[in-house]
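Q: Residue strings, one per chain:
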Amino acid sequence: MPLGNWVMLEQGIPERMHFSAFFKGTRDIIDSVTGRVVPKNVAEFDVDRLNGQPTNAKFSVLAEKLFAQLEPYTLDNTYKNYEFVVTRIGAGFTTSFSVQVIPLGK
Amino acid sequence: MASRKSRQVEVRMVAEYLKTTYSSYMFITKQPLGQVPDQLAAEVGMKRAMGMTRPFRPEVDAVVIMPGAMVLVEAKVWNIVNGLAKLPVYKALVPITPELKQYSQLPVAMELVVGWTNPNLETMARALDVRVRVFCPDWLGLIVEDMHKYWTKDYQEARKERLELREYYGIE
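Chain order of the listed sequences is C and E. If you use the numbering used here, the first sequence corresponds to residues 1 to 106, in order. If you use the numbering used here, the second sequence corresponds to residues 1001 to 1172, in order.
Incorrect hints may have been included.
[Claimed, not checked] With a cut-off of at most 25 Å between alpha-carbon atoms, the simulated DMTMM-like pairs for lysine to aspartate or glutamate come out as follows:
1. E:K1101 - C:E15
2. C:K65 - E:D1138
3. E:K1076 - E:E1167
4. C:K65 - E:E1059
Note that these hints are calculated values from the structure, not bench results.
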């Protein structure tokens, strides 16, 4: 059974999240093709609610395409005022992301 | 460098526009439109069929759900007329889009978000019942400015020199 420390997006499966904290920095990532450890810029969110249930997990964003959609809410910390439903579409270099932004209480 | 499309300019533009303009309402980005074949849905279930057909369905940049209307939003920096032309076609697909079925009672409005406009664009948009919204934060203004300079001799020479330098230093 997975420990559930990280929210992993499966293709076509929406995940509804509320973020409580945000961090942007560098993490060492294992490249899935070469197997080498490489430093990458990542955006990480602490997730305190996942699909309506309380949780204590992290959501890590490596893709510029996804971060571009979330970034406006990180600049003024307003991400705390919304829930985000993120769906991964496609795989590899053709991956894109649909983001549903829901103000809290709606 | 600022005008490179790999910086997700239009994705960033639509995200900022939605936050600035519709922050009190729910919205969905990259919403697929059109029907999911009944036969496929019967075979594998609607949820899976939606996933399987997703790459083949057209996507609108965003749909905003308001109490009195649904707004289709398409944002364009380049190929502005393409964005305008897509919206009425996308609107025709809304009534048969399963993901939007619960909002089918709402009237559909169309918005084209651009970094700059011109009288011809406004005329075409009026003819298609599309609202044109100019949204140009500072970072986008620099890109629009570069775009307008693109065909000038000075810009072409500076660009050539920049590309040569990048090649010389092996910069991707």
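Q: Just pull the numbers of the violated hints for me, sorted ascending.
A: Going through the list in order, the structure violates hint 3 alone and respects the others.
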